[in-house]
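Engineer: One letter stands for each residue in the lines below.
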Amino acid sequence: MNKILLIIKREYLSRVKKKSFILMTILGPILMVGIMVVPIWLSMQKTEKQKVEVIDESYLFTDLIPEKDIVHFDYPPTTFQKAYDGFFDTDYDAILWIPKNVLNGGQKGINLYYKKQLSNSAQQHIQYSISKMLYEVMLAKNNVNLNLIKDAKDKSTFSMLTTQVDESGKKKNTNTDLYMAIGFVSAIMIYFFIFMYGVQVMRGVMEEKTSRIVEVILSSVKPFQLMMGKIVGVALVGLTQFLLWVILSTTLYSFVAATFLKDVEMKQIQAKEEVIKIGENLDFDKMGKIEQPSEAVQFLNDLKSLDVSKIVLCFIFYFLVGYLMYSALFAAVGAAVDSDADTNQFMLPITIPLIFSIAIAQVVMQDPNGSLAVWFSMIPLTSPIVMMVRMPFDVPNWQIGLSMLFLVLGFFLTTWLAGKIYRTGILMYGKKVSWKELGKWLFYRG
Amino acid sequence: MNILSAKNIVKRYASHTALDDVSLDIPAQSIFGLLGPNGAGKTSLIRIINQITGPDSGEVFFENEKLAQKHIEQIGYLPEERGLYKKMEVGEQALYLAQLKGMKKAEAKKKLKYWFEKFEIDAWWNKKVEELSKGMQQKVQFIVTVLHEPKLLILDEPFSGFDPINANLIKNEILDLKKKGSTILFSTHNMGSVEELCDNIALINRSKKIVDGSVKDIRKENKSNIIEIEFSGNMMGFTNSLWTFGKLGEHSIDGDVTKAQIQLTPGSTSNQLLSSVLPVVEIHSFKEVVPSMNDIFIKKVSEGNAVGTQSNFTE
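Line order of the protein sequences matches chains A and Z.
Using this note's numbering, the first residue of the first sequence is number 21, and each one after it goes up by one.
Using this note's numbering, the first residue of the second sequence is number 87, and each one after it goes up by one.
Note that these hints are calculated values from the structure, not bench results.
Warning: the hint list may mix true and false statements.
With a straight-line cut-off of 35 Å between C-alpha atoms, the simulated DSBU-like cross-links for lysine-lysine are [unchecked claim]:
{"hint": "1", "chain 1": "A", "residue 1": "29", "chain 2": "Z", "residue 2": "190"}
{"hint": "2", "chain 1": "Z", "residue 1": "266", "chain 2": "Z", "residue 2": "156"}
{"hint": "3", "chain 1": "Z", "residue 1": "173", "chain 2": "A", "residue 2": "451"}
{"hint": "4", "chain 1": "Z", "residue 1": "294", "chain 2": "A", "residue 2": "456"}
{"hint": "5", "chain 1": "A", "residue 1": "38", "chain 2": "Z", "residue 2": "173"}
{"hint": "6", "chain 1": "Z", "residue 1": "220", "chain 2": "Z", "residue 2": "264"}
{"hint": "7", "chain 1": "Z", "residue 1": "214", "chain 2": "A", "residue 2": "23"}
{"hint": "8", "chain 1": "A", "residue 1": "71", "chain 2": "A", "residue 2": "128"}
{"hint": "9", "chain 1": "Z", "residue 1": "196", "chain 2": "A", "residue 2": "38"}
{"hint": "10", "chain 1": "A", "residue 1": "29", "chain 2": "Z", "residue 2": "173"}
{"hint": "11", "chain 1": "Z", "residue 1": "264", "chain 2": "Z", "residue 2": "156"}
{"hint": "12", "chain 1": "A", "residue 1": "102", "chain 2": "A", "residue 2": "136"}
{"hint": "13", "chain 1": "A", "residue 1": "23", "chain 2": "Z", "residue 2": "152"}
{"hint": "14", "chain 1": "Z", "residue 1": "93", "chain 2": "A", "residue 2": "452"}
{"hint": "15", "chain 1": "Z", "residue 1": "204", "chain 2": "A", "residue 2": "39"}
{"hint": "16", "chain 1": "Z", "residue 1": "220", "chain 2": "A", "residue 2": "23"}
{"hint": "17", "chain 1": "Z", "residue 1": "386", "chain 2": "A", "residue 2": "23"}
{"hint": "18", "chain 1": "Z", "residue 1": "191", "chain 2": "A", "residue 2": "39"}
{"hint": "19", "chain 1": "Z", "residue 1": "214", "chain 2": "Z", "residue 2": "264"}
{"hint": "20", "chain 1": "Z", "residue 1": "173", "chain 2": "Z", "residue 2": "195"}
{"hint": "21", "chain 1": "Z", "residue 1": "214", "chain 2": "A", "residue 2": "440"}
{"hint": "22", "chain 1": "Z", "residue 1": "213", "chain 2": "Z", "residue 2": "156"}
{"hint": "23", "chain 1": "Z", "residue 1": "373", "chain 2": "A", "residue 2": "242"}
{"hint": "24", "chain 1": "A", "residue 1": "242", "chain 2": "Z", "residue 2": "214"}
{"hint": "25", "chain 1": "Z", "residue 1": "214", "chain 2": "Z", "residue 2": "266"}
{"hint": "26", "chain 1": "Z", "residue 1": "385", "chain 2": "A", "residue 2": "242"}
{"hint": "27", "chain 1": "A", "residue 1": "88", "chain 2": "A", "residue 2": "170"}
{"hint": "28", "chain 1": "A", "residue 1": "452", "chain 2": "Z", "residue 2": "173"}
{"hint": "29", "chain 1": "A", "residue 1": "37", "chain 2": "Z", "residue 2": "172"}
Since we're looking at a predicted model, the values are computed, not measured.
Okay, chain A solo, but in the shape it has when bound:
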């Protein structure tokens, strides 16, 4: 047992001390925070307002289009032709032309001429504002009480609540989108962890085999100890990196946010509003209906509707046992081959169930309790990923229990098989191994 600890320690330290590990650990969070911060920062830098010359032949909008921090409107008393001819003598970025008959189907003639492309959000802003004003003008022209409309709209707009009821009479609000996101993200994380670190185990085994140190080590420890020591050591490396990423990313982000992006949050909210507006722009029934503050509350409520601790515990279980099972197989492959080039034929059967589980994740999300979802969340090779996709959708406990039992059994079975292959393969040199040969190894005596 003591020797396994020694092996784990070596496997762990030798990897953690590597330059590539340190580099990845530092670069990872920088990259992640960069992806989050840089676009916001860039948008902040663009303080220069774009100037638009409005030629409003209908006189409906003169001086009325709302100003914005990114776009400024001028309404010079001139004709379109003049403005157009003199466009390049002015410092306007664009001319917005609104035809006279805009109320009688002329709105389709509204045209923005530009010499410098307006930002997407400026264009959206113009389109949205004019559309809204036109709508209101038209209603007002027909003596429709705008307040009445607004009131009716407010009172008729809703998003449907979904509530799950269980036998004991407990009620629960659900949010399918959130569930899908949680399920999919945890499944993807398991997928990457198994792949990245499984391959590291395989390479480690190959290194020991090709450098021939394995014979010296096996005169001190049992092959199974060496294999398990490596698998556990690499798992700890993965967990360390994962944890460091989470910690470093959060620290870095809050630091960057505090120093450089003080007023970004306000802007972010504004930007969000805008996005929502744009989305609703196409649907006039929803116009003006923005419930910004309640969204965060809603999110928390939705999160509360989940049994978070159960999901986290299950995630850790499937994450670890799934990795252990697969990495034993990866170790067996590493032991069976002499060079990288030979790994492919044995890698394929290991990677197929992994890729397959990710491929059917979409289907599982659509029908989390369908027979496909249930079956593949029971089979050990696919269950770590498929079950995590299902997990937020209230999987019956007996199914989780059974799936975990199968996974543990699968883990023992694959580790036992992998151990047999490993033991023979690790000392076998210069032989191109076939599947038939591998089969024979299972029956050799230690």
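Go by the hints and put chain Z onto chain A.
Structural biologist: Chain Z in isolation, oriented as in the chain A frame:
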């Protein structure tokens, strides 16, 4: 007392038998040579003694106890195909391997210091293995093998990869370790070193042990009863004087000195031969031709192969 006894070891792989009913006794505090051509089964036997693999049948005893996991710490093993973690630092790696053999870290460190100084590689403690020359890596590996002062040292071709100076250094260390009480099991093709170092040998060919015993006895058993005589004098008279004691074999004349090999006839002794030729010619040298281990090795292996060929077809 035997430090190690292997009894009727059989090891089979799918398509062939690596060891077929091999028994060995290795006396304590001796150097035991395990000889045999490539593929004879030496490595399989060594792996079984190291408990890297197990035999299909037969048993191994270490100091009269059945070989078990706890004996690992009493055995040091230097495989023929050597290797270290290339990216790991030398000192760290040596410490790791010593701890795997059950040594305490502090103790291992102290002993490593001693050996590193002795082999003049202490400046390389913090270097990565890949920066070392092959000879230096071999030294590190040798140190790691003997560091925990095992009762039984298993050295597979210990001199390969060393230059003559370092090979000599290693040879002296081996003799020194024997003096201090270690037993050395040593597998080699280098017959010169066998004659020089080994007390006992076993010769394995085609999965079977074909010869074993002390080097002295084996050479005696295999002696050819050929006497080589250098003399000056009348060749005719010399031949006549042989009588019935011997038969003239190869001979060459260089000036007035003749060198002749005489095959003793069964029942005759070298003394009888000497006294019969003594009055006739002037003797310069008179010695028995003793076969080298190399000759014995080649003779035994080719004899074995001649017999073995037939049975091979039935496999």
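Engineer: Could you run down the list of hints and mark each one as holding or not?
Structural biologist: Results for each hint:
no., hint, in the structure
1, 29(A) - 190(Z), "holds, 15 Å"
2, 266(Z) - 156(Z), "holds, 22 Å"
3, 173(Z) - 451(A), "holds, 26 Å"
4, 294(Z) - 456(A), "holds, 29 Å"
5, 38(A) - 173(Z), "holds, 9 Å"
6, 220(Z) - 264(Z), "holds, 26 Å"
7, 214(Z) - 23(A), "holds, 23 Å"
8, 71(A) - 128(A), "holds, 23 Å"
9, 196(Z) - 38(A), "holds, 27 Å"
10, 29(A) - 173(Z), "holds, 16 Å"
11, 264(Z) - 156(Z), "holds, 22 Å"
12, 102(A) - 136(A), "holds, 19 Å"
13, 23(A) - 152(Z), "holds, 22 Å"
14, 93(Z) - 452(A), "holds, 34 Å"
15, 204(Z) - 39(A), "holds, 33 Å"
16, 220(Z) - 23(A), "holds, 28 Å"
17, 386(Z) - 23(A), "violated, 44 Å"
18, 191(Z) - 39(A), "holds, 26 Å"
19, 214(Z) - 264(Z), "holds, 32 Å"
20, 173(Z) - 195(Z), "holds, 20 Å"
21, 214(Z) - 440(A), "holds, 33 Å"
22, 213(Z) - 156(Z), "holds, 33 Å"
23, 373(Z) - 242(A), "violated, 54 Å"
24, 242(A) - 214(Z), "holds, 26 Å"
25, 214(Z) - 266(Z), "holds, 32 Å"
26, 385(Z) - 242(A), "violated, 40 Å"
27, 88(A) - 170(A), "holds, 24 Å"
28, 452(A) - 173(Z), "holds, 27 Å"
29, 37(A) - 172(Z), "holds, 14 Å"
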